[in-house]
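A.B. asks: Sequence:
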Amino acid sequence: MLNNPFNKNSSVKKYQSLIDQINILENDLKTLSDSELRAKSFKLTKQYEDNQNLDSLIAESFALTREASSRTLGLRHFDVQLIGGLVLNNQKIAEMKTGEGKTLVATLPAVLNATTKKGVHIVTVNDYLANRDQVSMSQVYRFLGLDTGLIQEGMSPSERKESYNADITYVTNYELAFDFLRDNRALNLTEVVLRPFNYCIIDEVDSILIDEAQTPLIISNNISTPVQKYIIAAESTEYLEPNIHYKVDEKNKNVVLTEEGSKRTEEILSIQNLYDPEDPWIPYIMNALKANTLFFKNVHYIVQNNRIVIVDEFTGRIMPDRRWGDGLHQAIEAKEKLSIRQNTESVASITYQNFFLLYPKLAGMTGTGKTAEIEFEKIYSLPVTEIPTAKPILRKDLPDLIFKDQFSKWNAISQACNNIAATGQPILVGTTTVEKSEMLAQLLNEYKLSYEILNAKPENVRRESEIVAQAGARRSITIATNMAGRGTDIILGGNINFKIQKKLYEILTLSKNSKNSNIFQSQLLNTFEGCSQKFLSVLVSLLNNTEFLELSDVDILRILKENDRISIPTISYQPSIRFLINELISYNKKNQKQENKIVKNLGGLYIIGTERNESRRVDNQLRGRCGRQGDPGTSRFFLSLDDNLLRLFGGPKIQNFMQTQLADDAPLESKLITKSLDSAQERVEERAYQQRKNLFDYDEVLNKQRKIVYNARRRILESISVQKNIYAHGEQVITDLLLELNDKTISLIENFFGQDLVLNYSRDFNSVQKEFALSEIKLYLFNEFWLTYQAKKTEFSIYGDGIIEELERSIILINTDKIWCEHLQKMTLLREAVGWRAYGQKNPLYEYKQDAFFIFENREEFLRHLIIYDLFRAYII
1 MLNNPFNKNS SVKKYQSLID QINILENDLK TLSDSELRAK SFKLTKQYED NQNLDSLIAE
61 SFALTREASS RTLGLRHFDV QLIGGLVLNN QKIAEMKTGE GKTLVATLPA VLNATTKKGV
121 HIVTVNDYLA NRDQVSMSQV YRFLGLDTGL IQEGMSPSER KESYNADITY VTNYELAFDF
181 LRDNRALNLT EVVLRPFNYC IIDEVDSILI DEAQTPLIIS NNISTPVQKY IIAAESTEYL
241 EPNIHYKVDE KNKNVVLTEE GSKRTEEILS IQNLYDPEDP WIPYIMNALK ANTLFFKNVH
301 YIVQNNRIVI VDEFTGRIMP DRRWGDGLHQ AIEAKEKLSI RQNTESVASI TYQNFFLLYP
361 KLAGMTGTGK TAEIEFEKIY SLPVTEIPTA KPILRKDLPD LIFKDQFSKW NAISQACNNI
421 AATGQPILVG TTTVEKSEML AQLLNEYKLS YEILNAKPEN VRRESEIVAQ AGARRSITIA
481 TNMAGRGTDI ILGGNINFKI QKKLYEILTL SKNSKNSNIF QSQLLNTFEG CSQKFLSVLV
541 SLLNNTEFLE LSDVDILRIL KENDRISIPT ISYQPSIRFL INELISYNKK NQKQENKIVK
601 NLGGLYIIGT ERNESRRVDN QLRGRCGRQG DPGTSRFFLS LDDNLLRLFG GPKIQNFMQT
661 QLADDAPLES KLITKSLDSA QERVEERAYQ QRKNLFDYDE VLNKQRKIVY NARRRILESI
721 SVQKNIYAHG EQVITDLLLE LNDKTISLIE NFFGQDLVLN YSRDFNSVQK EFALSEIKLY
781 LFNEFWLTYQ AKKTEFSIYG DGIIEELERS IILINTDKIW CEHLQKMTLL REAVGWRAYG
841 QKNPLYEYKQ DAFFIFENRE EFLRHLIIYD LFRAYII
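Read in the working numbering, the sequence shown has 195 at position 195, and its numbers run on one by one without any break.
Hints are supplied without guarantee of correctness; some may be wrong.
[To be verified] Within a straight-line C-alpha distance of at most 35 Å, the following computed DSBU-like cross-link-like pairs (lysine-lysine) qualify: (1) LYS792 <-> LYS707; (2) LYS396 <-> LYS436; (3) LYS361 <-> LYS161; (4) LYS707 <-> LYS675; (5) LYS30 <-> LYS503; (6) LYS436 <-> LYS13.
[To be verified] Listed next, with one range per pair, are the computed distances between beta-carbon atoms: (7) GLU241 <-> SER270: 17 to 23 Å; (8) THR735 <-> GLU682: 45 to 51 Å; (9) ILE223 <-> GLU49: 48 to 54 Å; (10) SER339 <-> ASN252: 38 to 44 Å; (11) TYR275 <-> ASN419: 54 to 60 Å; (12) PRO320 <-> ARG142: 32 to 38 Å; (13) ILE223 <-> LEU398: 35 to 41 Å; (14) ARG142 <-> THR674: 48 to 54 Å.
Don't read these hints as lab results, they were simulated from the structure.
Here the structure is a predicted model, which means the values were calculated and not measured.
All C-beta atoms, glycine included, are put in the ideal place defined by N, C-alpha and C.
All chains, please: the whole structure from these sequences, using the hints.
C.D. replies: Set out below in structure tokens:
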């Protein structure tokens, strides 16, 4: 434990008094029994009910959580972890270095805010982390009388609802946001799974609120897709030449078709005009060009089960449920000669920026937040606070090595791996794409080095946690595409838990499948010579357990992996498996300590970066994988002149300098180049921020409209009767039509409400207008509308009580969703259109806001008309 972390960071000095209170309370709590501790937790909940003041409970709640963690997990929060918890409770982002125990820190504010009984969401970047964190930390929560929920892909609505109703729920950002969108399309309250938002802690907050924020979340429906056009466009672009028929802008990820290119394409397609509004070809051609020039296999996507699966450039993970929009995904499918799936249209959408701003209380934690603190502050009002490390950081960050070209760089990387591996020091190599990770693997094969690959390919993803856990073992070489959100600590000397699980799995499956179990068991006893007699007897009894013998090899593997997640053993063989694993851990701990010491003496984990990323955060995430918890470590980046960052953003002066300074194979260490790279990264980050800010500004307009629609929709969903709404809509429809009263309007009223509702006179509008005042006509139509509505209710009442109420509610909700879907399409087209107005010296955002207001007003009017029209023509078959 760090004696005085506050000296390192003045921004956390204000928490000193609270830390002192927590430490004083800790001594008192140690003397209490488990039941007395739990009683204190219930007392805090009662205190909150009485005074509705969380701040007064902070010290006692944190002290209780720390003691509960010590008793259940054997992990006691350091003072710096208490600081992290206080920062999270203060609605800030806690920047904590890798290995500092962010998962444990989240329990502190989670328990405190769970006392409100309004729910706490802890958001992670993938299902594995949500599952792992919920299983391990739920022991602390259960001890204090709190229940936890877990949301995983594939869960039913009832399972989701139960988990969201828990005191603390672990969920991924993806599942949470889509549950919100689905809830706002529900036609019945029983389909709604979320309760009102309260408090949210986001793990890897920069990954979710910054990297993921560049793409809106969309629920879509399939629409008819001109498959043939995508195929023809893909074939046509093969006859176009770069820089003649089209130009590629890599920096802005765009393609421009030249005039000559347009003519050439029209000749190939035998058409008169690419831009013909009746039969436009230009979007298909542009997407085909982008697919060929800007999106590459094993870089931006992989092909899995004959489908295009996007690879997240920031985490290196696949995103099987994501698709590129506006026809780009179909263009890539055509390029790869795969079956083309249906195009889609949006029925609901939201950005992560506006989604997480729905929480009254929001906080986040990450290892790399400072580089993006301006964005966090401006968009989310989340200040970033650096939390001191429990132990000093001993990592050495060596200067970058710059090479003339890719060939020299990759040769140098493979040689460096060979030289370092000869000493036994473990190596982690970070690559930016699947393709490059596999290329390096081929180079290492030439040196006859053994290695593990972790990239987006399914066969590697399945072993992710095992690969990462053993990356610190002696002589190990691990090649990984990005390291954000991997969720498994790299332990120097290797992680014995994985080794033991693997060894026990081999023994149990071989024994179970052995034809002569007696001979095998005698061999087994020799294998574990040195273990206790109890261990051997438990092992033998397990191998004779009938329930265990019925398990498949896959079942055994699952049980071994989930052993630490089983809170109460319910099957006869579970206690035996747990005992065996614990005994093996105890037996192997001495060996692990020796390995840990050897690897530390070798210098710890050696990180090799193969390219500077566009974001400094991604580079820092890779570096942060070594030097955790006071361990030694080294990091170094190998770069080349034709790396994307230098090539696109380095500038001509740097390129000229490098060409003159570099020999063919000799690397260069240059402060000038390092500064240039830092500057390039800052420019790229600033540009990316402006793009996200632009997205946020435009979506903010839509967000205000979304809130109005969703709030109105929720009121309809929760109301017992919507009769008042029907009256209001009907009267407003009549008023809308009478404002422009003429013969055409009279026929429209007939069309809406039927002939019985209109004046029972066979006369034209002019004679009606002479005989009656407008107010009289309106009153008459109101009365007729009410009578017709009552007749419709009576008609449906014969089918049972509540039928008309359900029908009315369904008509309002279905039409609300239908009109909202059309509104989203219009807003998308509007956003594209207003961009051109900049050429007329107009502000596109201002123009967008103005037009969006009028479109939304029209939507309201159209919705009213549609609801009344559908209701008065509804019938039951």
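A.B. asks: What are the numbers of the hints the structure violates, in ascending order?
C.D. replies: 4, 5, 6, 8, 10, 13
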